[in-house]
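Enquirer: Now for the letters of each chain:
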Amino acid sequence: MTSKTAQAWTWSREHSPLLRLARWLAARLRPHARTAAYLAAADLSEPIRQHIDQIVRRTRLWSEERLDIARELTSHAREAADRGQSPESIRDTLGDPRPTARLLRRATRRKRSWLWQTRHRLRQAATGAFVLLLGMYAVLFIRFNTASPTVRWDFYERVNARNSQYPAEQHAYPDMEPLIRAWSVEFNRLVMLEADVNNQERHAEPESEPPVWAHTTMPVTTLEQTGLAELLAFRHQSRPLLDQAITALDRPTLGVMYSDRFQETQHEDGFRSYTMLPPSPEPRSAESAIGTLLPWLGRLRSVSRIIAFDAVQYANEGSPDESLRSLTAVFRIAELTAQESTLISSLVAIAVQDLAEVTALRILHDHPDLFNEQQLAALSHTIARAGLASANPDLDTEMLFFEEFMQRAYTDNGQGDGHLTAAGWEAMRQMGSSAVDFGVAEDPAAETLQTLSKLTGPMSITLHASRREQTDAYRRIIAETHAVLASHPSDLYRIGGLGENSPLAPKNLVDRSPAMDALLPAFTRVAESTFQSRARTDAALVALACHAYRLRHARWPATLSELSPDLLPAIPQDPFAPGEPIKYLVRDGQPFIYYNGANGTDQQATPPSPDALATVRSLSVRYPTDPDPKIHNRLAPPRLRDSTTNADWILYPPAD
Amino acid sequence: MKIERELMRGAGPTAVLQLLSARPMYGYELVEALAKRTDGVLAMGQSTLYPMLYNLEAKGLIEAEWRDADSGRERKYYALTGKGRTRLAAELEQWNSLAGALAALGVLKGVTA
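In order, the protein sequence lines correspond to chains A and B. When you number the first sequence by the working numbering, it's gap-free, plus one each residue, and the end is 789. When you number the second sequence by the working numbering, it's gap-free, plus one each residue, and the end is 129.
Some hints could be false.
[Unchecked claim] Below, computed lysine-lysine pairings styled on PhoX-like, alpha-carbon distance capped at 25 Å:
#1 Lys-99(B) - Lys-244(A)
#2 Lys-75(B) - Lys-92(B)
#3 Lys-75(B) - Lys-99(B)
#4 Lys-52(B) - Lys-244(A)
#5 Lys-244(A) - Lys-75(B)
#6 Lys-75(B) - Lys-125(B)
#7 Lys-52(B) - Lys-92(B)
#8 Lys-763(A) - Lys-640(A)
I should point out that these hints are in silico values taken from the structure, not numbers from a laboratory.
Based on the provided sequences and hints, a complete structural model is requested.
Expert: See below:
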């Protein structure tokens, strides 16, 4: 190798970035290698060499720092040896390796750059914070997993108290179940039949529109509809079951008992029955009792349709007493369902009441001479009584559900406060699952609960709202909803925005309140449904009064004031137009009973398109429910300038 | 005489700075000087001296440099920096004030205030 080449090679070894990187990596991976090599080559006695090696190794410093210290200690040892000191004496002056290394390490690190010092302090701070958090978490973990809820009162005893007053023979549901079962089987059969027939027709004539089957539009049907013959045949075959159920609905209660356990039986005909078992004797993880109620509510809603169909057929046959009896039975379903005193049962009661009212108005319209005045009066009384029950949801039972969950999921410090327990955490997760199974909860709630693992549960003690905070908030919401329901639809904004920007339950509270988040029902929706139900009931009573007037005077009233007070104690108000009465006009010999609709203006009984009906009768469109005053104070939302929604909510005559 | 650790912690660095104010010295030389010139009062081992030197170096009061001695051995010499001189002057003043105060109290034998 020439000298120039050698020089070049030496230069590149010194300055090559790759070689420097390699040396740096080697120093990081084997920091003691250079020191060991240096000491091995040093002119030292073996005991001193090992002693120095021990000291330097224990410093755990960087490679170049170790080498520097080794050089210095070796230099010192040699100087001492040159001056005649014995190896033992030299070793003594070196000191005990462990404390010496510690002192050297500390002092050497102080010579490092300010950047390293800063990073080092930050690492220390982060480690300290982590250790502190870990300690705190350990404390929370122990608290969370060793805490247990205190169950102070029996929820099922309280919620079943009303039904418990009645002996079994006064319970309506058991005698309704044979009809429910028969109708459930028949309905499923009709659904399958519809699918088969429609498939065949689609294959034969791909361009043809599938027919509308009678079981999808019942109780109101037309003679041309497919499947009407099957419905009529079922009605005829099930006459004894229909009569048994209708008779049973005269009893004072449905007799549905709540429990946390029920037995499910799958029958050969496909029907699935549920038998309630006594509640568990020992307190167990809290589950929503609503889940045990849902199968019954669904079936009540379904069976109301076949009984309403029965009423319509009786009317078609010219049998007013039987038609009235069946109609009354449907209203009784609404009334008895409302007695179950939960929000979900209130919503079902409202739906059944609506069905019954539409059926009654359809019968009135199609057979105006069917009922006499006494029968019209009896029907008015039935509608009013059922309407009173169904359109006044008992939210106190919702509070009971919430407090039941709280007492089974949270600790109790004797003053109404406490934190979530591991049992409660698991209960929320299960509740989310079971609610999804029953088709009640939306997926976000279930997913939220399911994504939270047991490791994050203990953090709930500090991150989540306390028991008292949640209970107080829930109580405020209930009280405010009661107040709104006693007021006017324009006050819907007072319970709007729950979980977002409502002062009652702002987002930052609901986000910290998994129980509220999971159990917070749609209060605004219930309130709106209730107001709409009251409006429909009022309109139905006005229609009945008009029919009674016509029977007396052989003409429709010119104005509603002619009905009052004899046939109509008071003229109902238009919920869409504060201070204005319900609207009435006669056109081409046909009376129209209607409300202004969501645009708040009288369109002289202009009907909406079927697609726009939901918007036209929406009170939350008419009175925006956002609690922000800039939004809820707007009385004419711009989107209602759309021509399809410039229409009225017409309740009589009923829509086809 | 064994000096308490807390006292040594205060006196040791000043003593080293004072020695280095005369000329640069290496580790062993400093150990010898401290032992001989203080009759062993400020005698210290390597486990005390070198951490002290590194701390002084970290504070910028002294600086180090490897040199080859006449004997062919390599030695790490320590020298006072400008900052070190300033610090030494300040500490000498403090020590003199302290000595005067203790002498006035009769703590220091044979030393007048």
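Enquirer: Against each hint, give a clear statement of whether it holds in the structure.
Expert: Results of checking the hints against the structure:
no.	hint	in the structure
1	Lys-99(B) - Lys-244(A)	16 Å, holds
2	Lys-75(B) - Lys-92(B)	18 Å, holds
3	Lys-75(B) - Lys-99(B)	9 Å, holds
4	Lys-52(B) - Lys-244(A)	30 Å, violated
5	Lys-244(A) - Lys-75(B)	8 Å, holds
6	Lys-75(B) - Lys-125(B)	34 Å, violated
7	Lys-52(B) - Lys-92(B)	21 Å, holds
8	Lys-763(A) - Lys-640(A)	19 Å, holds
Checked against the numbered hints given earlier, this structure breaks hints 4, 6; the rest are met.
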